[in-house]
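Asks: FYI, in my numbering the residues of the sequence shown are 2 to 304.
Just so you know, the hints here were simulated from the structure itself, not pulled from any lab data.
Check before you lean on any hint, since a few could be wrong.
[To be verified] Derived PhoX-like pairs: lysine-lysine, alpha-carbon spacing no greater than 20 Å straight-line:
hint, residue 1, residue 2
1, Lys222, Lys172
2, Lys295, Lys222
3, Lys72, Lys22
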Amino acid sequence: MGGLTNVTAISAGLEHSCALKQDGTVACWGSNSAGELGDGTTTDRWTPTPADGLTNVTAITAGYEHSCALKQDGTVACWGSNGFGRLGDGTTTQRSTPTPVDGLTNVTAITAGQQHSCALKQDGTAACWGNGGSGQLGDGTTTHRWTPTPVDGLTNATAITAGYEHSCALKADGTVACWGINANGQLGDGTTTQRLTPTLVDGLTNVTAITAENKRSCALKADGTAACWGWNILGQLGDGTTTDRSTPTLVDGLTNVTAITAGGVHSCALKQDGTAACWGSNSSGQLGDGTTTKSLTPTPVQF
2 MGGLTNVTAI SAGLEHSCAL KQDGTVACWG SNSAGELGDG TTTDRWTPTP
52 ADGLTNVTAI TAGYEHSCAL KQDGTVACWG SNGFGRLGDG TTTQRSTPTP
102 VDGLTNVTAI TAGQQHSCAL KQDGTAACWG NGGSGQLGDG TTTHRWTPTP
152 VDGLTNATAI TAGYEHSCAL KADGTVACWG INANGQLGDG TTTQRLTPTL
202 VDGLTNVTAI TAENKRSCAL KADGTAACWG WNILGQLGDG TTTDRSTPTL
252 VDGLTNVTAI TAGGVHSCAL KQDGTAACWG SNSSGQLGDG TTTKSLTPTP
302 VQF
């Protein structure tokens, strides 16, 4: 693809994508109206274009109109749209090149949501910044934050993910806590009540990975099954219905899963045998099954 080689990780945002290369550099492509490709311009790119001056990167994440990179020294740089302060540099100024997140150190993982970003720290705590209007920053308020703000009471976290207006963290004991908007049950606590601080997902244990997007969340379990909860209007929870779920619901017939990811209105899982299955909306062929027909349960991707 456009001469892209030696890639070690990829991330897809709303209308752009980024790749991390083996040498610690990053290349992005797609929409660039807010500078989310990081090349110093706002010109859309049809092929991978290096993010300006970015080196020693170990992880990347792409949000709706912004991108972030974790560096080897535990610091983070972000670029693109800066509405609500989602770049974490203490301003709301749009940036077309990578800009350090203010005061953030000892980071081990990063995630970008719609208008907010979060970082997991080495000590098992987390910090978020950007739009806090629905409590998605987890600091006990609905205040927008232009710099990283600790997530209240979160400890022993091993992974973090940011959705549309909510966030979730995986804990060392295999449980999951979520916070933010909950209108569709995306926090998984059995209610539709907004939460301003981390709240345990009901009955969910033995989790090894998590993903959040739009108005739902999903978890991969140690036994290779997966469970999802939240918005389900197009079958994106994969339980054979279009009913919203406020507690984790098993994805129908899905086994031997090794990775899972949630898109806007669809979800996909990688299986142990190297195959993949997707479910939910298929209006643009995003399920990869050769049709544009939505699927309420996992459908094999045709490679």
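Asks: Among all the numbered hints in the text so far, which are the ones the structure does not match?
Replies: 2
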